[in-house]
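Chains A and B, in that order, are what the protein sequence lines are. If you're matching positions, the first sequence starts at 46 in my numbering and goes up one per residue. If you're matching positions, the second sequence starts at 499 in my numbering and goes up one per residue.
The hints are simulated quantities; they were obtained by calculation from the structure and are not laboratory data. Be a bit skeptical, because a hint or two may be false.
DSS-like cross-link-like pairs, simulated, lysine-lysine; straight-line CA separation at most 27 Å [said to hold, decoys possible]:
#: 1; chain 1: B; residue 1: 545; chain 2: A; residue 2: 318
#: 2; chain 1: B; residue 1: 823; chain 2: B; residue 2: 875
#: 3; chain 1: A; residue 1: 275; chain 2: A; residue 2: 288
#: 4; chain 1: A; residue 1: 296; chain 2: A; residue 2: 74
#: 5; chain 1: B; residue 1: 693; chain 2: A; residue 2: 86
#: 6; chain 1: B; residue 1: 740; chain 2: A; residue 2: 58
#: 7; chain 1: A; residue 1: 58; chain 2: A; residue 2: 74
#: 8; chain 1: B; residue 1: 815; chain 2: B; residue 2: 825
#: 9; chain 1: B; residue 1: 823; chain 2: B; residue 2: 872
#: 10; chain 1: A; residue 1: 315; chain 2: B; residue 2: 502
#: 11; chain 1: A; residue 1: 87; chain 2: B; residue 2: 703
#: 12; chain 1: B; residue 1: 502; chain 2: A; residue 2: 318
#: 13; chain 1: B; residue 1: 701; chain 2: A; residue 2: 52
#: 14; chain 1: A; residue 1: 309; chain 2: B; residue 2: 545
#: 15; chain 1: B; residue 1: 693; chain 2: B; residue 2: 807
#: 16; chain 1: B; residue 1: 807; chain 2: B; residue 2: 823
#: 17; chain 1: B; residue 1: 703; chain 2: A; residue 2: 58
#: 18; chain 1: B; residue 1: 701; chain 2: A; residue 2: 86
#: 19; chain 1: A; residue 1: 58; chain 2: B; residue 2: 701
#: 20; chain 1: A; residue 1: 74; chain 2: A; residue 2: 204
#: 21; chain 1: B; residue 1: 703; chain 2: B; residue 2: 740
#: 22; chain 1: A; residue 1: 315; chain 2: B; residue 2: 501
#: 23; chain 1: A; residue 1: 86; chain 2: A; residue 2: 296
#: 24; chain 1: B; residue 1: 693; chain 2: A; residue 2: 87
#: 25; chain 1: B; residue 1: 703; chain 2: A; residue 2: 52
#: 26; chain 1: A; residue 1: 318; chain 2: B; residue 2: 501
#: 27; chain 1: A; residue 1: 258; chain 2: A; residue 2: 268
#: 28; chain 1: B; residue 1: 872; chain 2: B; residue 2: 825
#: 29; chain 1: B; residue 1: 545; chain 2: A; residue 2: 315
#: 30; chain 1: B; residue 1: 545; chain 2: A; residue 2: 300
#: 31; chain 1: A; residue 1: 236; chain 2: B; residue 2: 545
#: 32; chain 1: A; residue 1: 87; chain 2: B; residue 2: 701
#: 33; chain 1: A; residue 1: 268; chain 2: A; residue 2: 74
#: 34; chain 1: A; residue 1: 86; chain 2: B; residue 2: 703
#: 35; chain 1: A; residue 1: 288; chain 2: A; residue 2: 187
Reference listing, derived: stretches of chain A covered by chain B, where coverage requires no fewer than 3 residues with Cβ under 8 Å from a Cβ of chain B [said to hold, decoys possible]:
#: 36; stretch: 79–92
#: 37; stretch: 107–118
#: 38; stretch: 127–135
#: 39; stretch: 302–315
Every residue gets a Cβ at the ideal spot worked out from N, C-alpha and C, and that includes glycine.
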Amino acid sequence: MAFDYDKWIRPGKLPHIWCPGCGHGIVMKGLIRAMETLQLKKEETAVVSGIGCASRLPGYIDCCTLHTAHGRAAAFATGVKMARPEMNVILVGGDGDGTAIGGNHFIHACRRNIDMTYIIMNNYIYGMTGGQFSPCTPTGHKASTTPYGNPDPGFDIAKLAIGAGATFVARGTAFHANQIDKLIVEAIQHKGFSVVEILDDCPTTYGRRNKFKSVIEMMNRLKEVAVPVKAAEKMTAEQLQGKVLTGVLYKDETKPEYTVEYAKVIERAKASK
Amino acid sequence: MSKKVAFLQGNEAAAHGALYAGCDFFAGYPITPSTEVSEVLSAELPKTGGKFLQMEDEIAAMAAILGASLAGAKVLTSTSGPGLSLKQELIGYGCIAEIPCVVYNVMRGGPSTGMPTGPSQSDVMCAKWGTHGDHPAICLVPASVQETYEEVIRAFNLSEKYRTPVMVMPDEIVAHMRERIVFPEPGEIEVVPRKSPTVPPEKYKPYDTSFGDVPPLAAFGSGYKFHVTGLNKMQDGFPTTKAEIVQAEEERQVRKVDANIDDIVTFEEYLLDDADVVVVAYGSTSRSARFAVNIAREQGIKAGMFRIKTFWPFPDKQIKALAGKVKGIVIPEMNLGMCSLELERCAQGKTPVLGIFRVDGEPINPDQILEKIKEVK
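Work out the full structure, taking the sequences as your base and the hints as a guide.
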């Protein structure tokens, strides 16, 4: 029997705003499959986003959904989670939203290790505003504001998350659709701050400026650059040149989770009365 | 039984006022001269299961309280000048998404870093015009430690009643001075609860105006699921660009406050019945003004004071009435003329408005005010 996505979609809210060929819909379906696998309760699940194409995702999902301001998803979500630690809190957004204007909130959510899952759709560009370069646009590539090629080096989101203290970090791609829900399931089950970066595509504002002739070509690139972490273990540095590792990149189950730690603060405060 | 009495600083009183009002979530970022609010609440909130968060920056603190409020908490943040500037984007979010919250801002010298330990009253316009777009504004300006305590409680009540951010803005003198405070008994001051939905979850809309201009607000995690956005929205919370809906919703948001001015605006009239000269003052400056008015009376000058307790919405009606009766209005304020603009607007040229503007970090003393009272002919 075909998977029933409609169960999780708000009636009357489709079609979505995403362009033909955009990978965000693939990620949304992955998230829906993950929520179904985990049998999350809609009323007990908050999906929180910032601003941008990817951040429109919560509006389609039939849960408690919060479309915040640009970059602020992690900070709003921290308030939701601290007020109601029993809720499942899932953040979604793009690379510019999460690592530029929202960079500070991102690294501090990682540092606190608060039990939330952040799905970052990395399409290397600010899509909604028409294709300006983001902190993830590869050096030398074209964007509407780098007509002579991007001089900036880009972030490695996964390394940033690990360095900042996130305790579960995974990476997938929009091409490897069947892996997305599995990564998200594992991320949500992890007690702590989990980051799932999905390499995505934006044919409209990134692809056409960077000599991708079609969406298929962009998807094929994702297929070609992705190397599962297991497979990478057997490859040489030379073979890994230009490749991107996918799968669960980092997992630490020893670091204390923030809401649990704060519950201890409450116990100590009550004892001190 | 006698009431509990303490010798407190304005900022400490603010924290205790928040606790009286049922505040159970605070997020802040350290900034002079408001940090004592954080320090008191970091110790007190967890004792009753409340949450205290020190966030990574001012913006994050504002975001966290909005998120927590949507999850049903009664929330506060505290800050000062530069922090208020940083919070403005999300204060606007609170206005359009209609999320109750209290922002406590201690006014210090500005702009920018300015004079972090010096008093000022130069954030009062920022309380209304700081965030972009049309939006409702409520701003309370206490003049004593006791009043700071009580006005923080009133700010929580107004934010819940009108489902909008409310600001409490003492100047640095009020925030840092110590005075005797008498704590009210539980139940002595009314605490207004949030209007919760009466419809079942499947019928709930977060901006359902069939319940009036202030629709009930459900909490995330309480069995209701709904959408919240900073975009112009429809009654169901989803974004729209339909002209007639956007216009109606924007007007409703502002009307929540504008149509209830008499419920919100508070003030004190001191020796006004026969006054020829009225000193309009707020915050710590009103303490010098009262002193000056008393001396003027001793010298046979019919002076009085109108003390603004609610800066926004502005007491237009009262000032307009006064302007028709007195020979002059004197406005001492620790800025270069902010309240005076509002007074001139309300006076409509019927009476002169004489300002005393000080931005040097020193309080305005009674002599200066007395001198200006005597200039009114």
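Hints versus structure:
With a CA separation close to 7 Å, the supplied pair residue 545 of chain B and residue 318 of chain A stays within the 27 Å bound. Simply put, residue 823 of chain B and residue 875 of chain B have alpha-carbon atoms about 14 Å apart, close enough for the 27 Å limit, and the pair holds. A distance of roughly 14 Å separates the Cα atoms of residue 275 of chain A and residue 288 of chain A; the hinted pair therefore holds under the 27 Å criterion. A C-alpha spacing of about 24 Å is found between residue 296 of chain A and residue 74 of chain A, which places the hinted pair at or below 27 Å, so the restraint holds.
Taking the CA atoms of residue 693 of chain B and residue 86 of chain A, the gap is about 25 Å. The hint holds against a cut of 27 Å. A distance of roughly 16 Å separates the Cα atoms of residue 740 of chain B and residue 58 of chain A; the hinted pair therefore holds under the 27 Å criterion. Restraint check: the Cα-Cα separation between residue 58 of chain A and residue 74 of chain A comes to about 15 Å, which is no more than 27 Å; the hinted pair holds. For the given pair, residue 815 of chain B sits about 18 Å from residue 825 of chain B by alpha-carbon distance, which is consistent with the 27 Å threshold.
A C-alpha spacing of about 17 Å is found between residue 823 of chain B and residue 872 of chain B, which places the hinted pair at or below 27 Å, so the restraint holds. With a C-alpha separation of about 22 Å, the suggested pair residue 315 of chain A and residue 502 of chain B falls inside the 27 Å cut-off, and the hint holds. Our distance criterion of 27 Å between C-alpha atoms is met by residue 87 of chain A and residue 703 of chain B, whose separation comes to about 16 Å. Distance check on the hinted pair: residue 502 of chain B and residue 318 of chain A sit about 18 Å apart at the alpha-carbon level, within 27 Å; holds.
Only pairs whose Cα atoms come within 27 Å are accepted, and residue 701 of chain B paired with residue 52 of chain A is accepted, the gap being roughly 18 Å. At most 27 Å may separate the alpha-carbon atoms for a hinted pair to count; residue 309 of chain A and residue 545 of chain B meet this at roughly 11 Å. Using a Cα cut-off of 27 Å, the hinted pair residue 693 of chain B and residue 807 of chain B holds, with the two alpha carbons roughly 26 Å apart. Restraint check: the Cα-Cα separation between residue 807 of chain B and residue 823 of chain B comes to about 21 Å, which is no more than 27 Å; the hinted pair holds.
About 15 Å separates the Cα atoms of residue 703 of chain B and residue 58 of chain A, which keeps this hinted pair within 27 Å; it holds. Taking the CA atoms of residue 701 of chain B and residue 86 of chain A, the gap is near 18 Å; set against the 27 Å cutoff, the hint holds. Note on residue 58 of chain A and residue 701 of chain B: the hinted pairing holds, with a Cα-Cα distance of about 17 Å set against a maximum of 27 Å. At roughly 26 Å between alpha-carbon atoms, residue 74 of chain A and residue 204 of chain A fall within 27 Å of each other, so this suggested pair holds.
Between residue 703 of chain B and residue 740 of chain B, the direct Cα distance comes to roughly 18 Å. Compliance with the 27 Å bound is thereby established for this hinted pair. Of the supplied pair hints, the one linking residue 315 of chain A and residue 501 of chain B holds, its CA atoms being roughly 24 Å apart against a limit of 27 Å. Distance check on the hinted pair: residue 86 of chain A and residue 296 of chain A sit about 26 Å apart at the alpha-carbon level, within 27 Å; holds. For the hint pairing residue 693 of chain B with residue 87 of chain A, the CA-to-CA distance comes to about 23 Å; that is within 27 Å, so the pair holds.
For the given pair, residue 703 of chain B sits about 20 Å from residue 52 of chain A by alpha-carbon distance, which is consistent with the 27 Å threshold. Distance check on the hinted pair: residue 318 of chain A and residue 501 of chain B sit about 21 Å apart at the alpha-carbon level, within 27 Å; holds. Our distance criterion of 27 Å between C-alpha atoms is met by residue 258 of chain A and residue 268 of chain A, whose separation comes to about 16 Å. Restraint check: the Cα-Cα separation between residue 872 of chain B and residue 825 of chain B comes to about 11 Å, which is no more than 27 Å; the hinted pair holds.
With a C-alpha separation of about 5 Å, the suggested pairing of residue 545 of chain B with residue 315 of chain A holds against the 27 Å cut-off. Simply put, residue 545 of chain B and residue 300 of chain A have alpha-carbon atoms about 25 Å apart, close enough for the 27 Å limit, and the pair holds. At most 27 Å may separate the alpha-carbon atoms for a hinted pair to count; residue 236 of chain A and residue 545 of chain B meet this at roughly 26 Å. About 16 Å separates the Cα atoms of residue 87 of chain A and residue 701 of chain B, which keeps this hinted pair within 27 Å; it holds.
A C-alpha spacing of about 19 Å is found between residue 268 of chain A and residue 74 of chain A, which places the hinted pair at or below 27 Å, so the restraint holds. Between residue 86 of chain A and residue 703 of chain B the CA atoms are separated by roughly 20 Å; this keeps the pair inside 27 Å, and the hint holds. At roughly 20 Å between alpha-carbon atoms, residue 288 of chain A and residue 187 of chain A fall within 27 Å of each other, so this suggested pair holds. With a threshold of 8 Å between beta carbons, the proposed coverage of the stretch 79–92 of chain A by chain B holds, since 4 of its residues qualify and at least three are required.
Closer than 8 Å: that is the beta-carbon criterion, and the stretch 107–118 of chain A has 9 residues meeting it against chain B, so the requirement of 3 holds. Counting residues of the stretch 127–135 of chain A whose C-beta sits closer than 8 Å to any C-beta of chain B gives 5, which meets the bar of three, so the coverage hint holds. Under the rule that three or more residues need a Cβ within less than 8 Å of chain B, the assignment of the stretch 302–315 of chain A holds, with 6 such residues.
The structure fails none of the hints (numbered hints given earlier).
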